[in-house]
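**Student:** Next come the chains, spelled out residue by residue.
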Amino acid sequence: MHPLPIDDAVVDECRALAGDIAAGVQRFIDAHTTVSIERTVLRAYGIDGADAEGVPLVNTCVDRYLAAGRIGHGIAWWLGRALARGAASPQEAAETLAYGGDADDGTGGPSKAEVLAALAPHTAAAISRIDQARDKRAADRTRLGTGPRPWKYVIVATGNIYDDADQARAAAQAGADIIAVIRSTAQSLIDYVPYGATTEGFGGTWATQENFKIVRRALDDEQEKLGRYLMQVNYSSGLCMPEIALLGAVERLDMLLNDAMYGILFRDINPRRTLCDQYFSRRVIARAGIIINTGEDNYLTTADAVDKAHTVMASQFINEAFARRAGLPDELMGLGHAFEIDKSIEDSFLMEIAQAQLVRQIFPRHPIKWMPATKHKSGDIFWSHRVDGLYDLVGVATEQSIELLGMMTESIHTPLLQDRFAALKGADYVFNAARHLSDEIIWNPNGRVVARAKQVLGEARDLLREVKGEGMFSAVARGAFADVKRPETGGRGLGGVVEKDGNYVNPILDALEGKA
Amino acid sequence: MSERSKPTPEMIRAYGDRKDDGRIQLSFTLPVAPSGRAKEAARRFAEKLGLKNVLVATMEKAGSTFSFFVVYGNADFALDFSEIIVPEVTVPEWGFKEINHLVHDELGRKVVVVGACTGSDAHTVGIDAILNMKGYAGDKGLEAYPWFDAYNLGAQVDNAALLARAKELRADAVLVSQIMTQRDLHIENSQQLIELARKGGMRDLIFLLGGPRIDHKLARELGYDAGFGPGTKPSQVASYIVDTLLKRRHGAAQER
Chain A
70 MHPLPIDDAV VDECRALAGD IAAGVQRFID AHTTVSIERT VLRAYGIDGA
120 DAEGVPLVNT CVDRYLAAGR IGHGIAWWLG RALARGAASP QEAAETLAYG
170 GDADDGTGGP SKAEVLAALA PHTAAAISRI DQARDKRAAD RTRLGTGPRP
220 WKYVIVATGN IYDDADQARA AAQAGADIIA VIRSTAQSLI DYVPYGATTE
270 GFGGTWATQE NFKIVRRALD DEQEKLGRYL MQVNYSSGLC MPEIALLGAV
320 ERLDMLLNDA MYGILFRDIN PRRTLCDQYF SRRVIARAGI IINTGEDNYL
370 TTADAVDKAH TVMASQFINE AFARRAGLPD ELMGLGHAFE IDKSIEDSFL
420 MEIAQAQLVR QIFPRHPIKW MPATKHKSGD IFWSHRVDGL YDLVGVATEQ
470 SIELLGMMTE SIHTPLLQDR FAALKGADYV FNAARHLSDE IIWNPNGRVV
520 ARAKQVLGEA RDLLREVKGE GMFSAVARGA FADVKRPETG GRGLGGVVEK
570 DGNYVNPILD ALEGKA
Chain B
236 MSERSKPTPE MIRAYGDRKD DGRIQLSFTL PVAPSGRAKE AARRFAEKLG
286 LKNVLVATME KAGSTFSFFV VYGNADFALD FSEIIVPEVT VPEWGFKEIN
336 HLVHDELGRK VVVVGACTGS DAHTVGIDAI LNMKGYAGDK GLEAYPWFDA
386 YNLGAQVDNA ALLARAKELR ADAVLVSQIM TQRDLHIENS QQLIELARKG
436 GMRDLIFLLG GPRIDHKLAR ELGYDAGFGP GTKPSQVASY IVDTLLKRRH
486 GAAQER
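In order, the protein sequence lines correspond to chains A and B.
Each step along the first sequence adds one to the number in my numbering, with nothing skipped, and position 27 is 96.
Each step along the second sequence adds one to the number in my numbering, with nothing skipped, and position 148 is 383.
Don't take every hint at face value.
[Claimed, not checked] Counterexamples of contact, computed for chain B against chain A with all Cβ distances above 12 Å: (1) Asp252; (2) Asp256; (3) Pro322; (4) His339; (5) Gln471.
[Unchecked claim] Pairwise CB distance ranges (calculated): (6) Lys554/A <-> Gln260/B: 44 to 50 Å; (7) Glu122/A <-> Gln426/B: 28 to 34 Å; (8) Gly559/A <-> His339/B: 31 to 37 Å; (9) Glu456/B <-> Thr268/A: 29 to 35 Å; (10) Ala395/B <-> Glu582/A: 44 to 50 Å; (11) Thr558/A <-> His339/B: 34 to 40 Å; (12) Ala395/B <-> Gly448/A: 28 to 34 Å; (13) Ala266/A <-> Ala395/B: 29 to 35 Å; (14) Glu275/B <-> Glu415/A: 44 to 50 Å; (15) Asn501/A <-> Asp315/B: 46 to 52 Å; (16) Arg84/A <-> Gly458/B: 51 to 57 Å; (17) Phe331/B <-> Ala207/A: 57 to 63 Å; (18) Ala395/B <-> Ala136/A: 24 to 30 Å; (19) Lys296/B <-> Ser197/A: 42 to 48 Å.
Hints are computed from structural coordinates only; laboratory data are not their basis.
Beta carbons: idealized from backbone N, C-alpha and C, even for Gly.
Hey, can you work out the whole structure from these sequences and the hints?
**Tutor:** Structural data, given as structure tokens:
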């Protein structure tokens with residue numbers, strides 16, 4: 070592939086600026102914890118189950134210590150005290166925290182050393198559980214191999230996990246490499262992870278640990294028949310971002326939608342909450358070897374894809390900077406972007422190819438996620454299918470890694486089985502027909518594609534300079550991304566952000582950060 | 236209605252290659268693996284739908300137990316087009332400037348509009364296109380109108396919360412966007428809003444419903460003043476609201 074002739078110094082400057090922006094936020098992140106991070110710590114220790122009303126045990130524990138004003142010490146501290154005092158297992162210790170007499174007020178023994186010693190074997194077991202799942206995935210992937218790139222990514226969204234599993238199999242049989250189970254519409258806004266297998270959802274299926282298992286079991290079975298490793302995707306986003314990361318880690322998910330800013334901009338989740346949660350979730354994801362998918366494609370559903378293309382690129386640099394801080398290697402950063410330019414604009418295809426190529430070469434080792442047209446589509450499925458053909462062509466010509474296939478029924482309904490089939494067949498044709506096209510393309514240095522790429526990169530650099538100048542929180546508050554304004558103390562979930570005490574204890578985080 | 240007032244019948248059929256040939260295409264999936272029997276099943280299925288001269292143009296393997304078909308056939312049905320009556324929104328073709336002038340000159344106060352995606356719907360594309368500054372297809376959104384106060388409450392807004400906000404802002408019109416259509420949730424939820432408005436004595440506000448699966452007929456059936464489907468421009472919505480407010484004011488003056 071021949072690179073676009075762009076100025077590498079501008080790229081270096083963008084990376085440096087994004088690094089500074091993330092560093093500014095990291096000071097806040099390191100000084101705070103959230104209820105979802107603390108619940109994730111409990112889940113890492115294997116705490117499971119829910120009460121008769123469906124409230125997960127991890128929520129009851131954390132909410133109780135939050136109400137008592139003691140969560141700044143870290144839930145692990147209180148769990149460790151219960152263990153040191155004789156609880157037979159973390160599960161029993163958590164039940165004591167949740168339902169036992171009064172909440173522990175911290176008076177009397179055991180000592181700090183005793184608490185840490187009581188936690189140590191369980192911390193090791195928690196990390197080992199993540200490592201075993203990662204190793205199992207790696208072994209299956211190596212043994213079976215994956216399909217050629219771009220990997221074909223499709224969505225199932227029936228609301229019933231058993232139907233989802235059947236549709237996932239059918240999609241894999243028709244050539245899909247990656248199956249995403251779309252979540253029930255409002256799940257990102259609820260502050261707990263539902264429990265067990267579910268058969269009713271709204272616009273999607275609830276993300277639960279059991280549902281992850283059911284789909285993985287179907288894919289494990291199907292991939293042996295097809296001789297090709299199959300991947301499952303879900304959403305580590307919303308108020309339970311880190312908890313889903315942990316459940317995804319132990320249930321061998323392959324990819325998780327996970328974005329430093331998406332929840333803030335598109336779900337009105339408090340900025341402080343999301344930025345803390347993204348860090349911990351990415352620490353888990355990095356350990357688990359899961360590929361993240363960032364959500365920059367969404368910017369273009371609210372902001373204009375021609376005028377605001379640079380906000381996508383700026384956000385990619387910022388997402389990369391945050392991901393690096395959380396220990397994610399480039400190979401796990403599926404930065405997102407999309408084919409969302411108004412199709413009535415002359416040379417829109419050239420602008421799309423300019424941006425796709427630019428993203429590809431600036432993030433060379435990253436499994437870039439290429440997203441289809443959604444905004445400028447219509448009920449004319451025949452026209453829409455042709456739009457997807459051009460989209461597929463950009464995907465293969467610019468060597469995108471992960472391609473979420475466009476559906477000809479995009480603006481009509483969640484995909485029917487036959488819609489996915491048509492999309493897969495169409496993508497197979499284009500990918501195969503243009504497999505080595507990228508080797509043949511040399512960009513006209515004075516042409517429209519190069520000019521557009523330089524413009525977008527330059528504007529991204531300018532925006533990053535502004536964001537660095539004013540700080541991330543104020544940039545988000547004034548609508549620098551996606552034309553959406555989110556004040557630092559607005560949105561959902563701020564009540565769940567707590568300053569860490571000086572004696573905060575979180576052995577899971579220490580292990581994930583390589584400190585233990 | 237007398238015999239004479241009946242319109243002249245105007246019989247129509249689907250037009251494929253020649254007038255009245257009734258040739259149509261359809262595509263569907265059957266939950267069986269491709270085979271001669273599967274193909275025959277697809278043909279018979281099309282015949283049961285009333286098609287004649289059925290041609291199964293393709294049978295594709297869409298999974299180990301699924302076959303995808305594209306089928307052609309002749310539909311013999313003829314419709315009398317003259318008998319088809321559909322209520323359509325009649326909107327004056329006013330532009331941005333004209334609308335603002337009318338509000339300034341005729342109403343002398345700002346028009347207050349509150350909009351939201353209600354229920355569990357998280358898709359704000361539609362309501363944003365109508366309300367947000369940028370608008371849609373080069374047509375400015377209502378936020379950009381100097382003589383409108385437009386409030387976009389965003390996604391997943393509870394029906395009761397929307398009405399409470401409309402009351403507080405003394406809104407003239409309430410815009411509801413419904414994109415999610417799974418299990419007809421959009422219908423149930425849209426109806427509930429109107430019931431709540433009736434109970435709360437707020438039905439005199441202008442209620443508008445929009446979305447990709449919404450048309451004026453459906454909106455009227457659900458109790459709304461008007462419905463707007465895909466492709467609606469902000470100026471059409473603004474024109475409808477202003478036109479209705481002017482007509483109502485005129486009507487009220489006459490009653491007095």
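**Student:** Against the earlier hints, flag every one the structure doesn't satisfy and list their numbers going up.
**Tutor:** none
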